[in-house]
Every structure is written in structure tokens, then in C-alpha cells.
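Novice: Read off the chains here:
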Amino acid sequence: MKLLPLVLRGIIRNPIRAGLTLAGVAVAVFLFTGVISLERGMSRMLGISAGENVLVVAEKYQGCPVQSKLPAAHGDAIAELPAVAAVTRTLFVMSACSRATDLVAVHGIEPGNYRDFRDLRISDAEYAAFSGEKGAAIVGAVVAQRYGWQVGQAVTLQELGGISFTIRGIFEAPGNSLENAILVDLEYLQLATSQPGVVTLLLVQPKEDAEAGALAAEIDALFDASRAPSKTSPEHAFIASAVSGITGLVDFSRWLGFASLGLIVVGVGNSMSMSIRDRTREIALLKIAGFRRAQVLRVILAEAVASALIGGLLGAWLAAWAVSRSAFSISVEGYTIVPHVSIELILLSTLLAALMGLVGSYLPARAASRLTVPHALREVD
Amino acid sequence: MRALLTAGGTGLAVLVAMLMLALARGVLDGIRESGHPLNVLVTSKGAETIEFSSLDRGVYEKLRHSPEIAQEKGNALASPELYFTTMAATGRGNETTQAIVRGVLPVAFEVHDMVRLAEGRLPSAPGEILVGGLVATKLGINATAVKIGESLKFEGNVWRIVGRIEAPGTVFDSEIWGGLDDLMTASRRAEYSSIVLRAADPAAMEEMIFDFETRRDVLAESREESLYYAAYAENFAPIRSMVIVMAAMMVLGGVFIGMNTLFAAVVGRTREIGVLRVTGYRRWHIALGFLVEALPPALLGGAIACLIALGFNGLGLRIPMGAFRFQIDFPLLGFGLFLSLMIALLGSLWPLWRAMRISTIDAIRHL
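First to last, the sequence lines map onto chains A and B. All the letters of the first sequence, read from the start, carry residue numbers 1 to 381 under the numbering used here. All the letters of the second sequence, read from the start, carry residue numbers 1001 to 1367 under the numbering used here.
Just so you know, not all the hints are guaranteed correct.
Quick list of the computed label-pair ranges, beta carbon to beta carbon [stated by the list, open to error]:
{"hint": "1", "chain 1": "B", "residue 1": "1121", "chain 2": "A", "residue 2": "73", "range": "41 to 47 Å"}
{"hint": "2", "chain 1": "B", "residue 1": "1338", "chain 2": "A", "residue 2": "318", "range": "35 to 41 Å"}
{"hint": "3", "chain 1": "B", "residue 1": "1160", "chain 2": "A", "residue 2": "43", "range": "52 to 58 Å"}
{"hint": "4", "chain 1": "A", "residue 1": "166", "chain 2": "B", "residue 2": "1037", "range": "43 to 49 Å"}
{"hint": "5", "chain 1": "B", "residue 1": "1190", "chain 2": "A", "residue 2": "124", "range": "53 to 59 Å"}
{"hint": "6", "chain 1": "B", "residue 1": "1189", "chain 2": "A", "residue 2": "187", "range": "22 to 28 Å"}
{"hint": "7", "chain 1": "B", "residue 1": "1190", "chain 2": "A", "residue 2": "343", "range": "41 to 47 Å"}
{"hint": "8", "chain 1": "A", "residue 1": "83", "chain 2": "B", "residue 2": "1150", "range": "15 to 21 Å"}
{"hint": "9", "chain 1": "B", "residue 1": "1160", "chain 2": "A", "residue 2": "86", "range": "53 to 59 Å"}
Listed next, the in silico EDC-like pairs over lysine to aspartate or glutamate satisfying Cα-Cα at most 16 Å (straight line) [to be verified]:
{"hint": "10", "chain 1": "A", "residue 1": "69", "chain 2": "B", "residue 2": "1155"}
{"hint": "11", "chain 1": "A", "residue 1": "134", "chain 2": "A", "residue 2": "187"}
{"hint": "12", "chain 1": "B", "residue 1": "1062", "chain 2": "B", "residue 2": "1221"}
{"hint": "13", "chain 1": "A", "residue 1": "60", "chain 2": "A", "residue 2": "220"}
{"hint": "14", "chain 1": "A", "residue 1": "231", "chain 2": "B", "residue 2": "1155"}
{"hint": "15", "chain 1": "A", "residue 1": "60", "chain 2": "B", "residue 2": "1095"}
{"hint": "16", "chain 1": "A", "residue 1": "69", "chain 2": "A", "residue 2": "80"}
{"hint": "17", "chain 1": "A", "residue 1": "231", "chain 2": "B", "residue 2": "1095"}
{"hint": "18", "chain 1": "A", "residue 1": "69", "chain 2": "A", "residue 2": "187"}
{"hint": "19", "chain 1": "B", "residue 1": "1045", "chain 2": "B", "residue 2": "1033"}
{"hint": "20", "chain 1": "A", "residue 1": "60", "chain 2": "B", "residue 2": "1293"}
Quick caveat, the hints were computed from the structure, so don't treat them as lab data. Yeah, the Cβ is synthetic: ideal placement off N, Cα and C, and Gly gets one too.
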């Protein structure tokens, strides 16, 4: 702590150099945080979108979940199994499957028990108005904001064969892919899209004492010999498999993010080696004043770490701001991934910046601490 | 040491920027180049992508005799196709991953002429398939698992690989191709996904599209195949924008490092500047001297980045609609070197301006 004034003086001694170093660190951390926010958004979407303990029944072999087609009657057969607590049926209508952005998705749901499976933040009055009217819809906050929709507005989606509905409520489901969806009554959507009796997915809530794996096998065995065999899996695994197409991009981006942190090692290392060269006289004086090697090393390392911490915090905060302001999202197989920067990610990015600063400055700092007084003074005019 | 660190910073910035640009270019160009300028794609009305399209077999029968369709050895170049995504596992494994399957007739090789049989033979019996060069990447498995003679499991059947197709840089490279009827039976589908027709010439293509759009006996949508893939690629434009912004920021990071180095050089050599000014050198001579000094480390960094980037050439990466291969070609390498030059130049501007503004009196004071 006693060395703090010395450290601060070192940083502000050369404002241009300090500014450029901070800016370099901030850019690298901005990139790292931005890239990792995509991966964090994916984990968050998986964690929130997948109902705890919920099983998903989809058409066997279907690679694109939203294209799964099962008879609605499968739901009745599943509901009769002793280990099943509840079943709800959904029909997804989308214009594309592997499309990356700006996807319009309509989900037909059974309003009666859908909220037992999904945590929707909406007033009971709005939900009741939606439940009581066949042509009504509740829309996710993200979709409503994107298109400027209001409650009471009548909407026709030209992209989806002219499906029409009246908005009776806007719901929030933070982090859940549903915020990008429009929810309408299942039967209404089946009729509007000429798919009577067809559903996309069945969501199954097992009884508390039921073993999910055994129940999944029991459900699939029910339909194995039918014209529409099913594949039942825990919802988390189901969504993870559906969005697996994007994992290659996410993994690659993560490596680029780590590579961008390398800029901090080089930038801070470069800056510190220049700073030490300019301060050979000061280092000599510190040694004459009785500073030991370890103390000189600590002063220089502390200066580098402080620069990296300030630049890192700035870059991470800017990335959090940019991510929160941008409307960027990636939709994969009907699930939307929105980049997410948490406080934890800001702290991680800042700490990694400090660590990279420490690594980058270690060699120049060690060389400076080993300078002998006669040698250091010889270097000085 | 300082020059090495500057070279390292520039190299790192250039390498990341190059890989990001290769990613954006590979994904978008791969999709765009999948369409042939003379092909007409017919899908069902309202289907934005072929996987959402289903066409009655009768549509094919009605369209295949159109006079505008090009002929090859007396056969019309009209290819009915089935396209779907499925969950596939290797012959020995049980873990399934998403695969893209296209059911075709032999005419598909004439219509999609960028696709060629690189190895093996065409399917001649039920249960035989061809795999694209990037199928292993798409499935996230070892390339040896999709060699000729191996098998894949999907749609409840075991499929034997009898050939390997190649269509570098297009979406077909990550697809599994099989016999049209065989795959329709296995996947219990009664309708085609799309029909691809090769027009005899551009005028015939326009006529064909007009005719199909106005016919009352065909309820389908027809468009230029190249426009379909261009529109499909456009869906990924936000990803491209994000990647370009990030590449630009990486370059900016490199500029800051270069600028820092040159500032130190200018400030540390005020005395030298004084000597030069006194001996008659002009301001711009001095600026030029520093600039020449800034270029070699940056170019060295750029050259190292290019060498490392070459290591990524041909590497496959899984993406939502298939897979793509990094293509590190001469234009990209040239661009990498150009970026390193730009980093050096942009990083020099401010320090050089400062160097030029040092007055002779100030400089002499340091003597």
C-alpha cells in the first residue's frame, strides 16, 4: 500500500502512453467480452428455456425440431401413463429452420395448462383475455418491441401464410427463447395452417417420484410401431441438440476471444518495457534509496496490473453497454440466442485482463529489478 | 525487443482479423455460390426455404416438359429433389447429430454441376448413399467414419456409403445424397421438397419463371436459384457485420500498440531529430525516416500472421446450415499484409505529426 503513490505516478507520468495502453487493453477486453457473451447467452437460453424435469416428445429422426409432426392424439395416450403428471401440446409455425436472425415464430399452445410448464410474466387479466378468445395472441416482449406492437392491435403475418391474430397481452420471460415468439391457441393455429390434429412437440411433466429416463423409454415404446414414432428426451438435452449447429461458431469465436487477450500481453509488455527504459534513472535512485529487487519488481508489476485493470474494466463495461443496446441475436432451429453480459463476466474479463497485464510485464519488470546501480547510472545521461 | 513486441501485436491483430474475415466470407460465399445462374428453383407457395417446401409429384410431371428447359443427350435437365434434416449416427455409434440429406436422381449432377463424384460410384441399390466432403465436420465425427464402405444410421435404416461427392465452397459439400425414391420411402415422405430446372439460356429462364408464376394448374413458387441462395445468405448478414466490426476493432488494438511504440521512438530520439534538423533535413524527411522504421516490424508481424493463417486452410467448421471450410487464399493473404501496412500507417500518423512539430530550437536544447 505504501508503494501506491509510486505506482500511480508511474501510470500518469506519460499520459499518451498510459492512454494508448489503456485503449489497447480496453479494445481487447471489449472483443473478448463480446465474443464470450454469445456463449453465455447460449448457456443462459438453455438454462432458462428448458423446463426443469420436463420431457420433450418430438418426431423420431427429425433434425429440425420445429418441423417435427406428431398426431395430437399422442398427448392423450401419454397423459394416461401412471408416471405422467401433466402433458401440454404445442405446434410451431416458422418460416425457416436454419435461418440466423430475425425469425418470426408462432407457437400454438393449450392456454389451460401451458403456464404450468413455462414461466410467463403477464398479468392474469391479460392471460385470461387471451385464453377466452380463439383468434387472440400474447406476444413476447422482444417481438413486440421489434415490431412496435401494442395490446389490442390486430396483426396479419404475411410471411406465414397470412396468419391473423389480435394481441391481448405482452409477456416477459427473461432469457427464454419464448420472448421471440407469438403464442396463439393451438386449435386456432392448426386450422389457420390447415394442419388439424397435428402438433410439433409434446411437453411432459413426470410425477415427482417418476424416473425420467424410464418414462421417456415408456413413451417411445408406446408409439414405436405406430405411423408416427417418437423420440423423448429431457428438454435441456433436446434444446442443446437442436442448437448444436451453432456450437462450432461459438467455440471458434471463443478461441478468437482468447487470442484477442494476447493483445494485452503484447500491449502492456511493450508499454512497460518502454516505460522502464525511460525510467532507468528513477530505478537507480530507488535502488540507492534502499529499495530491494522484490520491491522494484512489485512497483512495476503493480503499475502494469493497474493499467490492465482500468482498461479491462472500461472494455468490459463498454461491451456490456454495447450488448445491451444491440438487437443482435442468432436463431437456430427455432431457439433464439441473445448475447448476455453478466456482472460475473465483467469481473472475469477484468481479472483476465489484469492477469494478461501481469504476464506481459513480468519479463521487463524482472529485468528492471535486476538492474545494478552502476549499470543503471551508466545508462543515464 | 520493442520491434519484436510490435511485430507480435500487429501479427496477432492481423491473424484474428484474417480468420474472422475468412469465417464471414466462407459462410456467405459458400451459400451464395451454391446457386447456378441458369437454374430455376421451384418450391411450394409461401415456403421461405426448401426444407419448408413440399411439392406434389404432379407438379414435376407438369413442369418437366417445358420447352425452355435445357436438354442433355435428349433428357430435360429437371431435377426433383427431397431435402430434409435428420438425426444421424455412425454405423458403429449410437450418438446422433444433425445431418442434411438430399434425395436426388442422377440428373442432379447435371443441374448442380459444381457437384462431382470424387470417389466411388453412384448409388445403384436401395440403402446406398454418397457423402459430401464436409459431412464428417457437420456430424462432428472423424473423417474415417464416413469413408466408402462405412455406414450411417438415420430414418430407422442403415445406409452404406458407396461414394464421395465434392462441391468445394458450396452447401452441397456438407450434404448426404441418396436415391430420391429410396429416401422418400425411408423418410415416409410422399412429396418432393423442390424441383431444380436448368434453363437453356437467360431469356429462357425469364420466360420459364413467368410461365410457372402465371400458370393456373401449378400451385408453386419459382425463382432464380442464385437469388434464392443470395437471399438465404443475406439472413446471415448480421453475423457478417458483427464479425467485420470485431475484425476492425482488433486492427484498432494493433494500431494502439504500434502508436505507443512509435511515440516512444519519437520522444526518445528528440536529440537525434535536433541533429538532423540542424544538418539541414526537412521535417518530412524526418517523418519519412520514422515511417520507414515502423513498417518492417508491422510487415514481419503480418507475414507471420499469414503463415499461421495458412495452417487454418481447409479446416472445417460446423455452422447451422451445414459446414464450411476455411479458405486462406492469395487475396486474403494479400489483405492480411495490407492490414499490417495499414496498422503501421495509422499507428504512425499521430507520432509522426508530433515529430514534425518538434521545433528546431526545442530539438537543439536536447543536444
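Novice: With reference to the structure, classify each hint as holding or not holding.
Specialist: Hints, one by one, checked against the model:
1. B:1121 / A:73: 41 to 47 Å: 45 Å, holds
2. B:1338 / A:318: 35 to 41 Å: 28 Å, violated
3. B:1160 / A:43: 52 to 58 Å: Taking Cβ atoms as reference, residue 1160 (chain B) and residue 43 (chain A) lie about 39 Å apart, which means the hint is violated.
4. A:166 / B:1037: 43 to 49 Å: For residue 1037 (chain B) against residue 166 (chain A), whose Cβ atoms are near 45 Å apart, the range 43 to 49 Å holds.
5. B:1190 / A:124: 53 to 59 Å: 45 Å, violated
6. B:1189 / A:187: 22 to 28 Å: The hint (22 to 28 Å, Cβ to Cβ) holds, given that residue 1189 (chain B) and residue 187 (chain A) are roughly 26 Å apart.
7. B:1190 / A:343: 41 to 47 Å: 54 Å, violated
8. A:83 / B:1150: 15 to 21 Å: Between residue 83 (chain A) and residue 1150 (chain B), where Cβ atoms are some 39 Å apart, the hint is violated.
9. B:1160 / A:86: 53 to 59 Å: For residue 1160 (chain B) and residue 86 (chain A) the Cβ distance comes to about 44 Å; the hint is violated.
10. A:69 / B:1155: 14 Å, holds
11. A:134 / A:187: 8 Å, holds
12. B:1062 / B:1221: 14 Å, holds
13. A:60 / A:220: 9 Å, holds
14. A:231 / B:1155: It holds: about 12 Å lies between the C-alpha atoms, which stays within 16 Å.
15. A:60 / B:1095: 14 Å, holds
16. A:69 / A:80: 21 Å, violated
17. A:231 / B:1095: 13 Å, holds
18. A:69 / A:187: Distance of about 15 Å is within 16 Å: holds.
19. B:1045 / B:1033: 24 Å, violated
20. A:60 / B:1293: 65 Å, violated
Hints 2, 3, 5, 7, 8, 9, 16, 19, 20 from the earlier list are contradicted by this structure; the remaining hints agree with it.
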